[in-house]
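Q: First to last, the sequence lines map onto chains A and B. Start counting the first sequence at 2; every next residue gets the next number (our numbering). Start counting the second sequence at 77; every next residue gets the next number (our numbering).
Treat the hints as calculated values from the structure; they're not laboratory data. Hints are not guaranteed to be accurate.
[To be verified] Below 30 Å or equal to it, Euclidean Cα-Cα: the simulated DSSO-like pairs (lysine-lysine) are: (1) B:K238 / A:K412; (2) B:K645 / B:K629; (3) A:K151 / B:K569.
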Amino acid sequence: MSAHLVDAMVMNVIGIDIGGTFTDVVALDANSGMLRAAKAFTIRGDESQSVLACLEELGITHEGIERLVHGTTIGTNAILERRGAKTALLVTQGFRDLLEIGRTRRMAPDTMFSLRFRRPPTLVPRPFRYDVAERMLASGEVLTPLDEKKLGASIKQLKKSDVTAVAVCYLHSYVNAEHEKKTRDILRKQLPGISISLSHEVVSEYREFERLSTTVLNAYISPLMEKYLSELEDNLTAKDAQRRLFVMASSGGIMSATRAKQFPVKTVLSGPAGGVSASVLIGRASGLSNLITCDMGGTSTDVAMIRELRPRVGVDNVIDGLPLKIPQVDINTVGAGGGSIAEVDAHGQLRVGPRSAGANPGPICYGRGGTEVTVTDANLMLQRLALSKPLGGKISPSIESVRGSIRSLAKQLGLGDEFLMAAGIIKIAITKMVASIREISISRGHDTRECVLVAFGGAGPMHAVEVAEELHIPSILVPAFAGNFSALGLLTSDIRHDLVETMLEHNRPEAMPRIASAIGRMRKEARSRLLAEGFSDKVIVYSTSVDMRYRGQAFEVSVPLTADNSEDAKPDAGQLMDAFHRIYASLYGHANTDQEAEIVNLRLVGAAQTVKPVVKNPSNPGEALIGRRMVFFDKPIEDVPVYDRDLLTPNETMAGPAIIEESSATTVVPPGWTFRRDDFDSLRIDREA
Amino acid sequence: MSGESLDPVTLEVIQESMISIVREMRANLIATAYSSVIHEAHDFSCVLVDGQGQIIAMAEDNPSHIFPVPWSVRAMNEHFAGDIHPGDVFLHNDPYTGGTHLNDIAMIYPVFTDGMPALFPVVRAHWSDVGGTTPGSISGKNTEILHDGVRIPILKVANRGKLNDSLLELLFANMRLPRERRGDFLSTWGTCQVAERRIQELSARYGVNTLQEAMKRLLDRADRRMRQRISSLKDGEYVYEHYLDPARLDSEPVRTRIRLKIEKDQMIVDFVGSSPQTTSSFNSGAAVATTGAFIVLKAFLDPGEPINHGNFRAIEMRVPEGCFLNAKYPASCAGASEVRNAATSAMLGVMDQVMPEMMAGDIKGTANHVYIGGTKRSGEPFIFYEYPAAGTGGSPEADGSNALRNFSEGDFSSIQPAEAVEQETPLLIERCEVRTDSCGGGVSRGGFGMRRDIRLMSDRGILSISSNKNVLPPFGVNAGLPGASNDFFVIRKGKVIAPSETPGKVSGFPLRRDDVVSIRTSGGGGWGEALDRDPRKVLTDVEDGYLTARAAKEEFGVVIEKGKLSAPKTTALRKKLRNARRPLVLQTFAEGDTDERRFCELAPGVMKQLRVKDGMPLEIETPHGPVLRVWARTKRNLSSEVVRIGNLGAEVLRVRAGERVLVRRLRATAQPSR
C-alpha cells in the first residue's frame, strides 16, 4: 500500500516475517489503522539487520514501536535440520525407550511397502535418557515415591556431559505433577541455568508418547530460541523489551517472547498461521463467515477451513515423523506450487510435484537455468501470466522459452499439443489442491458451496477460480496485499493463552460444579498471565469449550461452553448434550442420541484483543485497462482484457474473461465469472448468475 | 464426457478422488469407533471395489485386510445374485471363502448408479471379540473353528436401508462386550454411508461410463507396471521353504513352501509341498496365503505406487486344496495372521534369491496377539489387546530398526498408550523398553525387539497369546545371524513361569493379582557375517546399552574392556572364532513328497560338537542368501566331514552337492529373566 506521512511519535505495531530470501516488515499505525510495508533481503545469521533496514525505510524508530510481532521458523527449521540442543531426558522407570519406540509406527508417508525404511534417530540418544524411580497411578495416587537420591546420582552423571536442555516426562503427570515439579527443583539446584521442560506444563493431557515427544521437542529447541529471541530483543527494542516482542504461535494467536522462550514448541509450524488470521479479519470486515484459505507459494499450497470465522485448531500434529501435541491451526499442506515440476515417470504417468524448482534455478521462464517444466511455465504457455515483467530473473519470460519443453512432454504422453499439455499440468496441480481442501472441508462435513475461497500467496490468485469450480465454491476473495498476506496476519492476531485440563467426567448435572470451578481456576491463570504481559481487563476475552465423546469412544468433539465474556460460567449438562449430538451429527453424518456422553478435557482461551488494521482503498482509480492478449482457458480467447488492480473502479462489476495484475500477483478470471474491487480493496470474483 | 474421450488428466483426477474417499472413510471410523482396537490401534482398513470385487482404491490401509476383500465380495455375489439392492449391508468373516481370522469382519455396502453397480465401499475391521473360547477370541490352542467364535459365511444385515435388528442382536449376543460391538457396527455403517454420498457425487460429476472407463484404465495401468517389472527379472524357477513353530510339543512344525516360476512378464506362485491342514489354529483360507505372498511381491517390485486389482493380474497363485493354507471346515483359523506371516517369510526367502540386491534379514513373522481379559473394579468386563512390533531386518546399507512396524503389516500402532490402558483397565504397564541383546548379528545387524511388562492389579485375569518364531527365530541372510525369538513369560512373585508348555501358544492362562505378563519381541535377522561388522559400531551399541559386552564378544567377536574397544584382542578373537568353524561337505539324497519336517543327517561326532540331540533344530547358512532350517538326525557311519540333506534342501540353499556349508545351532531361546 502507498506510503503515508506519519507523525514522529505515532505508535506502530510491527509485523516481521523473516523468510529464506526476503524479510517482510509490515507496520500498522495503532491510531489510524494505516498499513505500510517494506522489504529487504534476509541477511542469514544476522536477521535483525534486515529488520532494521526495513524500519529505517519506513522511518520508524525504537520509540515509535508499541509492539513487534514476529513469525519465526527458527524452531521448525532446527527440528527439520536436526540442529537443536544436546538434550537429556528424565522419564519414569521402565520407559527409557518410549521416545524411540513410540507407538511402533513409521509415521512417514509412502513407506507402506518399503523394505528399506529406517526409523530416523531420536532427538535424545540413549545414553542421555535416564530412568527415574517414581510412579503415579492413573488416579493420581503415588505408587512409588520419587527416589531423590537416585535422581541426584543421575543428574550428577548428566552434569559430566555438555547437555544444555533437559526434558522431564513422568507417567500420569497430567493428573499429579508433584514428581515433575520436585525434579525441576532438584535440577535447578544442581544444574543452575539449564533449560528445563516439564511435560505437564508443555502438554497437560494423557497419552504419554505424544506428550513426551512434544516435551522433548520443546527442550530441543529451547536454548536456540532463547538466544535468538533475546538477541532480537536487544537489537530491536530499546527498553521494556519483555512486553514488546511477541511471537506468532501455531494456534493462530501470538505469545510474548518471554513465554515463547519457555514454550518454543508452541511456535513450531506457525508459518502459515498468519494468513489464516488475516483471512479471519478480512472475512469479518467483509461480512463473510465460512472461508477456505488457499495460500499457494512456490513449493507448496497451504489450505485451511474457517467456519463461523473460527479456524479449526487441531492438537494431534506431526512434524517430520515426530508427534507434536499442541494447538495448531488445522492447515493442510500439499506439494503443489508455482515451482512444482511436471514430469512423465517411467510408467507414462504424468506427475506434478512434490519436486519443486524452488527459487533456484526456478521455473524455465525465470531464465536462471531451470530446464524442467513447472506450473508457472504452464501458466505462461497459456498466457495467463504476463509476458512483460521479469520474474525475478534477468530475462523477461517468453513463451518460446517454454514451448519446446512443454511440447516434448505432450509428445511423451500422446497429448495433442503444448496448450493442452499446459492446461493438463495446471489441472493436476489443481486436483491436488482440491483433494487437500476436500480433506479439511467436505471430509469433515462442511459444504464448500457455502464457503468463500480466500486466495493469496504469489500463485494463489492465478489458480483460485479453477479450484473454486472443482469444489463448487461460488465466490472468491483475493485480498489486498495478496503477496504479503501472511505477514499482515501477524498484526491481526490476538495474544492468546490456551489452557487445558483433563477431567474425565460423565456429562451429568452433578459434574457441573466441578467443571465450573475448574474453569474459574483456568480463567484466573489466563488473566494473571495477560496482566503480566501488560494488557488490561478491557481488552481481554475468554472462551471455553469442552471436549466430549460418547462413552466408550476415544476421540472427542469440541463443544463450545461459553462464547460470552461473563465472569462465572454455568455449564448445563442438558445443553451440552444437545450441542454435542448436533455437532457430532454435522461432523460424522449421524448421532447416537440414545447414548451417554462424557467430558474429557476442558479448554479455555484467554485472549488480549489487539488493534486491527483497517484495509481501505484510498487510491483514485484511473484507466485500469492496460492491454489485451489471447489467453487459453478451455479454448483460446482473443483480446482478453488485462487490468491494473490498483486502478480498478471500486464496486464496478465486470465480466470475465479478464487478467488482473498487481505487483506481487496475477489474478485470472475465466469466462462465466464476474469480478469487482470491493470496499476493503479485495477482489471479489463470483460465478455468473 | 463419454468413456472414449477420457484423457490422462481426468484419469488422475478420478484416481485422486477415489483415494480421498477412502481416506475420508478412515478418518470417519477412527473418530467415531468405540473399541480401542480401532481408535488407538487402527486395526481396520477401508477400500473401494467394483461390482466384481476388484480392488479399485485404497489408501494407508493394511494390505492383509484388503487383499482378501475380493473373495468376500465374490461370496456375496454368489449367494445373493439378483438380490443385491441399494441400502443392503452385508457382513462376512468366513475364512474358508475369503475371511482371515473371525475377528476381521468385512462390511460390504453395495452402491448403485442408474441401477448399475458403481463402487462398493468395504470396511474390514478387527472386532475385539467375536465369541469363542477366550476373551478376544484368538488364542494359540484353538483346534476347531467353533473355538474361534461366530462364523459369518455371508449375511445380509440390512435390507434396502433397514437394519435387521433381531439378527444383529443374535450376533452381538454371542460376542463379549456387546455394547461396544454395537457401537463399532454403527460407526462402520455410518462410514459406508458417507462413502456412498461421495461415490454418487463422483458418478454424477463424470457420468457412469467415464467412471467405468477410468476404473478399467487404472487397472490396466497397474497391470502394465507390474508386468514391466516382472519382465526385468531373470526367467527361472526359485524355491524357498519356511517353518512355523510346532503348534504343540508333539506336533510337526508346519511348512510353507513356495515355488516361484518367472516367465517373461508373468509369475506363478505355487504353494505345492506345503503342510496339510492342521488340527491346530494354524490354518487359513487361500485368500490369506496369497495375501502374504503378494505383499512381498509388491514390496520388491512396486512399493511406491497406489495399489489396485491390476497389480494381481500378472501373478497366478496356486494354493493346493487340503493344505493348511487352503483349509476346509472344521479347521480353526484363529492363527490366520500367523499363516499370512508364514507365507510372507517364505516369499521373502524366494525374492531374496530373485533380487539379491534387495535382500534383508527376516522380520518378526507373527502378529504377536496378546489378550488379557478380566473384570474392572466397576464389575464391567474388559479385554486388553496388543500385538507388539519387533526389530526389522538388517540390509546392506543399514541396520534394522528397533521395535518398528515392518513393511508387511501396514502402519497402525501395535501398542496402546500406557496412560489410556491404565485409565480403562486394572493393568499397569511397567516397562516399554528396547530388548537388550535381541538383534540378529551381521555386518548390518537386525533391529532390537521390545520388552513390554504388564502387571495385573485386580484379582483375576485370563491371558491368551497367539505367536510364532518363539522356537524358530527370524532368520539372517548372507551368513547373518538370526534375531532373538518372540518370548512370553509370566512373572509371579519374582519367579518366571511359562504360561504354556508350547511357546507362543496360550489359551486362557489364569492370571493372579500382581502377575506380570512379560512380552519380549524378536530381533530382526542380520545381513552378512557378524564377525565382519565394524567393531566401532559394536562399541556404539554397547555404549548405548542395547548390547552387553558379553554379546559383543560372543556374537560379534568384539572385545570391549572397561568401555574401551580392544583392537588386538578383537582381531585375535575373530580369528579364533573363524578357525573354530567346521564347514561340512554337502551331500544330498533324493527326497519324495513328505509332510515330515526337513532332517539333516550328521555323524555322531558332529552332533556332539554342535551340542545338539536328535530332533533339535539347526540351520545351514550360505554366504549368498537366506538360511535353510533343518532338524538334526544322527547317522552312524557318516563321515564327520559331511552333512546330508534332501535334494530339494540343496535347491533351496542354491548350493551344489560337494560344496561346503556351515551348519549351526539355532540361537537358544532367551533365558527367562526377571
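Q: Does each hint hold? Answer for all of them.
A: Each hint tested on the structure:
Restraint check for K238 (chain B) and K412 (chain A): the C-alpha separation of about 53 Å exceeds 30 Å, so the hint is violated. For a cut-off of 30 Å, the pair hint linking K645 (chain B) to K629 (chain B) stands: about 10 Å separates their Cα positions. For the given pair, K151 (chain A) sits about 25 Å from K569 (chain B) by alpha-carbon distance, which is consistent with the 30 Å threshold.
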